[in-house]
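Novice: Spelled out, the chains give:
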Amino acid sequence: MTNENKNHDKFLHEENKIREVEAPDGSIIKVDPLNDYFLTDRPVVREPKNKVVEKFLNWARAESLWVLGFGTGCGSIEIPPLVTPRFDAYRFGVQMRPTPRQSNVFIISGYLAVKTLKRVIRTYEQMQGPKYVLALGSCTINGGMYWDSYNTINRLDHFIPVDVYVAGCMPRPEALLAGFAKLKERIKAGRAEGANEYAEKFDWYKANQKKIINDWNMPDYNW
Amino acid sequence: MDIATKLFYVFLGLFIVLNWGMLMSATMRKIGARIAGRYGIPFYQPWIDLVKLYSLRDSITHGVMFYLGPVFRLAGGLGMFLFMPMIFGSEYFSNFSFAGDLVLIMYFQFFGMLGMALGASEGAHPYSAIGISRGLSQFTTIEVPMTLAIISLAIQYHTLSISDIVAAQQGGIMNWTLFTNPFATIAAMLSLLGAFGHSPFNLVKAPNEIPIGPPTEYHSSFLGVLRTNAAILHVVEAVLFMNLFFGGATSWLELIIKSFLIYFWSVFVGVVFPRFRIEQSVQWFLKIPLLFGVIAIIIFM
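One line per chain: the protein sequences are A and B, in this order.
Counting the first sequence from 1 gives a position; this note's numbering is that position plus 777.
Counting the second sequence from 1 gives a position; this note's numbering is that position plus 12.
These aren't lab readings, by the way, just hints derived from the structure by calculation.
Since this is a predicted model, take the numbers as computed values, not measurements.
Some hints here could point you the wrong way.
As the list claims (entries may be wrong) - In silico EDC-like pairs for lysine to aspartate or glutamate, Cα to Cα no more than 16 Å straight-line:
| id | chain 1 | residue 1 | chain 2 | residue 2 |
| --- | --- | --- | --- | --- |
| 1 | A | K832 | A | E962 |
| 2 | B | K42 | A | D865 |
| 3 | A | K826 | B | D70 |
As the list claims (entries may be wrong) - Short derived list, chain A residues pointing at chain B, Cβ under 8 Å:
| id | residue |
| --- | --- |
| 4 | R823 |
| 5 | N827 |
| 6 | D865 |
| 7 | R868 |
| 8 | R878 |
| 9 | P907 |
| 10 | L954 |
Idealized CB from N, CA, C, for every residue including glycine.
In isolation and in its complexed conformation, chain A is listed as follows (with noise of 0.2 Å):
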């Protein structure tokens, strides 16, 4: 994979084009961003470890959900109400992180609009594996009430491998925490593999992101 043509793309950033900078000795550096600050290879298969230890892993990963903090779409008022007492989500083990590397469950709250898809993709490749996707409401299933809409995409699971959706308009926090529920119990069932997916499948997923998303201005897959 390279970055070679990317430079020639009109919206690339400022900052991400081929430029010379002088370095303290005086000597003339040429910096590619693209190629320079990103490492360019893609995301490989990690395999499972053997059934017995796996099965331990996967239970302690069920039940130390880090969520991210970002919320996509309307969707995400109802993830400030599950730290509150009357719904009291740390209870199941389920925490809020305020940084993508620290976190492993990625809630896409609602309806995408083209320009948060971007900064999903961005955000979900940055997120260490295995890490699992809890689609809400009924916009990521087939786009809801915006399914016609000339901003937003239809389908989650064209663009990052879904784990669990919890349909709705607007769903409460009692179908977020049923959602939580299921999703541990597919991770203890060790079907919850959705980064080895992602790898598997990548040219497909690329393909797909790369037809909504027309001002493609960052590395084909942000570590």
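Please build the complex by placing chain B on the supplied structure of chain A, with the hints as guidance.
Specialist: The following block gives chain B in isolation, referenced to the frame of chain A:
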């Protein structure tokens, strides 16, 4: 005692301290949750989180210093533990304490932060840089009243050995530094609030303002090492204050009760008071705690 037996007891002590640290942090989070009217996490949640962090399949790195950051941080926590006499009068749990261990422990307290600063800056995340600058400037001002209190203790007891300071406090509650040198105790207990990093002084890691600060880029086993260190460090810091001001401990049960209460002091203040901005916290440490520290020095001059 030969070195093999010594090492066995050091590792046994480390095992107890690590597990007590995790249980203590879980208990404190449960207390915080009960105050908010929630049930909160199960008490075994920190262990599960640790297993999960160490078992993540991906862990990308940003370079050599990024690897070494958590290692330095852990070295700071372990260094404090190794030179800290845990149980007074016990040959087995005195670790490697020696005549000048107080100075070394003060050094190790700062060492971990500096290592973390180097590692986190290689992560190149802007929030890491902000967190580091806040953390280092706040910790520098915390050190001032804390060091004054410790110098006051050194003048009072004519020693820099923690074991000797504990020995001087034996024989009844009125012999504790808490009563023989109350100004130093106040200065140190106020600076302890900053050292534990709970609410009024938690701007370094403010999760909803600068996402988690220095460890923004840390994940999987890197974060696992940082969490392991946090569990050890919390207990060891509490034990340091217990040894210096509250008469030390003669059994593990006494250590657990006293370290719990010392840690609870910072949690108690944390759930009551809201977060300071960085310039507020820096100024706060340079006012009242510093004043008490100076008074403690003047009294024993």
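Novice: Compare the structure with each hint and give your call.
Specialist: Hint-by-hint comparison with the structure:
The suggested pairing of A/K832 with A/E962 holds, with an alpha-carbon distance near 12 Å, which does not exceed 16 Å. Distance hint between B/K42 and A/D865 is fulfilled; the C-alpha atoms sit about 12 Å from each other, no more than 16 Å. Distance hint between A/K826 and B/D70 is fulfilled; the C-alpha atoms sit about 13 Å from each other, no more than 16 Å. This hint holds: A/R823 has a C-beta 4 Å from the nearest C-beta of chain B, less than the 8 Å allowed.
Against a cut-off of 8 Å between C-beta atoms, the interface hint on A/N827 is violated, since the closest Cβ of chain B lies about 13 Å away. A cut of 8 Å between beta carbons decides the hint on A/D865: the least distance to chain B is about 4 Å, and the hint holds. A least Cβ separation of about 5 Å between A/R868 and chain B falls short of the 8 Å threshold, and the interface hint therefore holds. A distance limit of 8 Å between C-beta atoms decides the matter here; for A/R878 the minimum to chain B is near 4 Å, and the interface restraint holds.
Evaluation of the A/P907 hint against chain B yields a held restraint, the C-beta minimum of about 6 Å falling below 8 Å. For the restraint placing A/L954 at the interface with chain B, the shortest Cβ-Cβ distance is roughly 14 Å, beyond the 8 Å limit, so the hint is violated.
Checked against the numbered hints above, the structure breaks hints 5, 10 and satisfies the rest.
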